[in-house]
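Engineer: Heads up: the sequence lines are chains D and Y, in that order.
For what it's worth, this note's numbering labels the leading residue of the first sequence as 1, then goes sequentially.
For what it's worth, this note's numbering labels the leading residue of the second sequence as 1, then goes sequentially.
Simulated from the structure, these hints should not be mistaken for laboratory data.
Even for Gly, the Cβ is constructed at its ideal location relative to N, Cα and C.
Fair warning: there could be bad hints in the mix.
[What the hints assert, rightly or not] One side only, chain D facing chain Y, incomplete, derived with CB under 7 Å:
#: 1; residue: Lys166
#: 2; residue: Thr171
#: 3; residue: Ala176
#: 4; residue: Phe368
#: 5; residue: Pro372
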Amino acid sequence: MKELNYTEIGQHLSKAGLSAEELLDLHETMVSNIAAAVIYSLEDGRVALCSPYAEVLTGFPTDYFYSDHRFFESLCVEEDLDRFRRARMIAELGEDSLVRHRVNHQSGLQLWLETRLVPVLTGDGEVEGIMSVSTDVTALVCNQLQIEEQNRDLADFAYMVSHDLKAPIFTIKGMASAIAEDFGEQLGGEGNELLNYISAAAARLETLVASVIEFSSASSKPIKESNVDLRRVVADVIHDHAKQIESCAAKIEISNDLPTIKGDQVRLYQIFSNLIGNAIKYRSKDRPLVISVTNRPISGPRVLIEVSDNGLGIPADKLEDIFRPYHRAHGSAIEGNGIGLACVKKVVERLRGTVSVKSTMGSGSSFFITLPAASSEPQAIPPELTRCFES
Amino acid sequence: MEMVKPHLSILLVDDNDGHRYLIRRALAGARTSKLMQISAITEASSLSQARELLFTSPKITPDLAIVDLNLGDGRGTALIAELRASAQHHHTRAIILSTSVLDSDREEALAVGADRYVTKTENLELSAAEILDIVATGVS
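Pulled out of the complex, with its shape left as it was, chain D reads as follows (with noise of 0.2 Å):
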């Protein structure tokens, strides 16, 4: 029998003063009671444990699950059916795994659970069996597959009345100039003051347009994923911004190590074009504008990219809402549609990395870009299958 003072748990129940025979009551009052469908099965094919929550998980009686070890697996939903088989594999080879998929239930009815699969180690360090623990997640995942959907929906939404508003945009600038054009001299400057107005609005009203389109397509335009070299796309970026960068004489500074990372190119061109170009456009007037992007080496396989600059700086009180779309750091007074960092925060969320921001007032920003490293070498147990997998 396993000795338990070696866990927490064990050291609590032995503080406790439990007998033998008390700790045995304990236990199958806890097996018995769990919302959980717990199953130990060993490692010569016998299941030594069926909590009776797996008859509510699944409407068959756990002598089904005595009877045969891989009963639970063949419930599994034939879509699931590998991802199930790969998290069994992990835990046969000794490590803990997670995975997320659905059972046919007797009655009918598909459920989402969550099981967790946990080696049992003899004292050698041997498999001696499997604990699965499966909980009921079906509530979760239904509201997270609705959530997204309705924001797939909005996306599209807001993507197709922008576009929709471009050939109207379109007619208005197009005949205010037409009027100019050839009736300027009658209208006078009374007259013509009021076609600029126009003009003007429908301008702002392009850029709005543009903005939305922009969002919408940072939030859903599908991601195609390789290994970028980051270099070549920061150079990309300095390159398209030639002219801006020679007329306010700004210094960029890159260092030589910007690694190869995993990622979609057009997306990261879109990050660093939003963050250079801010830089750029959001610089101060009282000293020459130097831009770094610089690698900061981390632990991990993630790599993390500082973009900074000594620029104006944005307001502590800003600092909150920075990346949300439409709020500008400094109102209406620099151009721009405030839905540049915005875009930066949504494509490097789908890229599965994080954006931060510090700043001073003054002194300038540095934009921290997390992302995934570039694939490495295969290993004996690839890392992302002691995860949870999660469809």
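Using the hints, position chain Y against chain D.
Structural biologist: Leaving out everything else, chain Y in the frame of chain D:
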């Protein structure tokens, strides 16, 4: 001796009256007239009307077709595909002119054989120059 400018006949397909006016105006503008002489601009306000002009006698044979992408009765790319499949109009230069900036729309246009995909911008005269530049390389 002044170089003889090539003459160009254009089919303009757009279901928006205002857009057709603006595009026609830009094509006739000062900058474009330095490139070539436009002998005729025939307008169609729908896909079906354009098909009638191109494929039903008496047929027109434009040097250049400028086609809006989203027409009331179908996609402009369908007309481009029909031009490319037609023995008579196979070599007609064809451009999709649209407000859409979607990469997928651009790719669709080029895939069916459009010579170029041009977005409708404020400065239409520049767009017109870009359009006519395509034709200048192909019209004798």
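Engineer: Run every hint past the structure and note whether it holds.
Structural biologist: Consistency of the hints with the structure:
1. Proximity of Lys166 of chain D to chain Y holds as hinted, the smallest CB-CB distance being about 4 Å (cut-off 7 Å).
2. Interface hint status for Thr171 of chain D: upheld, as the beta-carbon distance to the closest one in chain Y is roughly 4 Å, under 7 Å.
3. The closest approach between the C-beta of Ala176 of chain D and any C-beta of chain Y is roughly 10 Å, which is over the 7 Å cut-off, so the hint fails.
4. Here the hint on Phe368 of chain D is broken, as its CB sits about 30 Å from the closest CB of chain Y, past 7 Å.
5. Given hint, Pro372 of chain D at the interface with chain Y, is violated; its Cβ is 25 Å from that chain's nearest Cβ, farther than 7 Å.
Of the numbered hints listed earlier, those contradicted by the structure are 3, 4 and 5.
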